[in-house]
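Visitor: Please build the complete structure, drawing on both the sequences and the hints.
Residue numbering for the sequence shown is 21 to 282, as defined by this note's numbering.
If you're looking for bench data, these hints aren't it; they were derived computationally from the structure. Honestly, I wouldn't trust all of these hints.
[Unchecked claim] Derived Cβ-Cβ restraints for the label pairs, each shown as a range: (1) 184 to 240: 23 to 31 Å; (2) 143 to 275: 31 to 39 Å; (3) 208 to 48: 38 to 46 Å; (4) 80 to 145: 26 to 34 Å; (5) 143 to 106: 27 to 35 Å; (6) 75 to 175: 17 to 25 Å; (7) 80 to 170: 41 to 49 Å; (8) 186 to 51: 42 to 50 Å; (9) 197 to 69: 13 to 21 Å; (10) 240 to 56: 21 to 29 Å; (11) 222 to 37: 40 to 48 Å.
Nothing here was measured: the structure is a model prediction, and the numbers come from that model. Every residue gets a Cβ at the ideal spot worked out from N, C-alpha and C, and that includes glycine.
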Amino acid sequence: MTALLPLTIFIVDDEALARLRLRELLADIASSCPTEVLGEAESGQATLEWLQTENEKAKPRLPDVLLADIHMPRMDGLELAGRLGFLSPPPAVIFTTAYDNHAVQAFDLSIVDYLLKPVRAQRLLTALEKVRQRMSASPAPAPAGDSRRSHLPCHEGGRFLLVPVAEILYFRADLKYVIARTIEREYVLSETLTRLEEEFTHSFVRLHRSILVARSALAGFERADEEDEAYGYAMLRHLPEKLPISRRQWIPAREAVFGEIG
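Guide: Below you can see the structure in the form of structure tokens.
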């Protein structure tokens, strides 16, 4: 019988005792599910920084699985899970939390499992076996389109919101953040326009260095007056406002929507 390769693990929890407990549980189930802990962190932000640094190495060692708490300082587990798209493939996420009120949000982010504390060895084993099954079913990295997020995380006034990508009409860069506009309102996201363009290239078009618009939201284009700073404008189906288009993006934007323009 072929020996199982160890699953590589990264543990994220703001409580040192909780991280120690997970290491002990992993040791307890090692005969059934061998693992290797690559590291640990006490916040989502620290984890994201570690992953980014490791990913830039010539020979990165990235985890197969993140065992992550949800309620943590600086960046919680839900936001962390929503920001792993820069890795290909991203690690599987298993939440280990004392609260059950985030289960719906968690599974909408394609979380493998949601374990309530105190975590039991058998329950952890079952969750890790789910990861192995997914890896066996998809030995090759999934196409970029298959890993696109359906919702984007937004922290607002002490609340955590998930913004459906299908409802976003456009993204606008604003200093260190990105504004996502839906029909109803705006949301402030901790994202970069470049990353959003890469992830959603099939559904959003760049109009300007600071604007991406949903193809489905476009109603048409018009040229700007000569004295106007913009070269042209995009008209939207659901909002009266018009979005500026730069000279550089005028033809690419129109061709992306209408095909090659003769």
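Visitor: If a hint holds in the structure, say so; if it doesn't, say that too.
Guide: Structure-based check of all given hints:
no.: 1; hint: 184 to 240: 23 to 31 Å; result: 25 Å, holds
no.: 2; hint: 143 to 275: 31 to 39 Å; result: 52 Å, violated
no.: 3; hint: 208 to 48: 38 to 46 Å; result: 43 Å, holds
no.: 4; hint: 80 to 145: 26 to 34 Å; result: 27 Å, holds
no.: 5; hint: 143 to 106: 27 to 35 Å; result: 30 Å, holds
no.: 6; hint: 75 to 175: 17 to 25 Å; result: 24 Å, holds
no.: 7; hint: 80 to 170: 41 to 49 Å; result: 27 Å, violated
no.: 8; hint: 186 to 51: 42 to 50 Å; result: 45 Å, holds
no.: 9; hint: 197 to 69: 13 to 21 Å; result: 18 Å, holds
no.: 10; hint: 240 to 56: 21 to 29 Å; result: 55 Å, violated
no.: 11; hint: 222 to 37: 40 to 48 Å; result: 45 Å, holds
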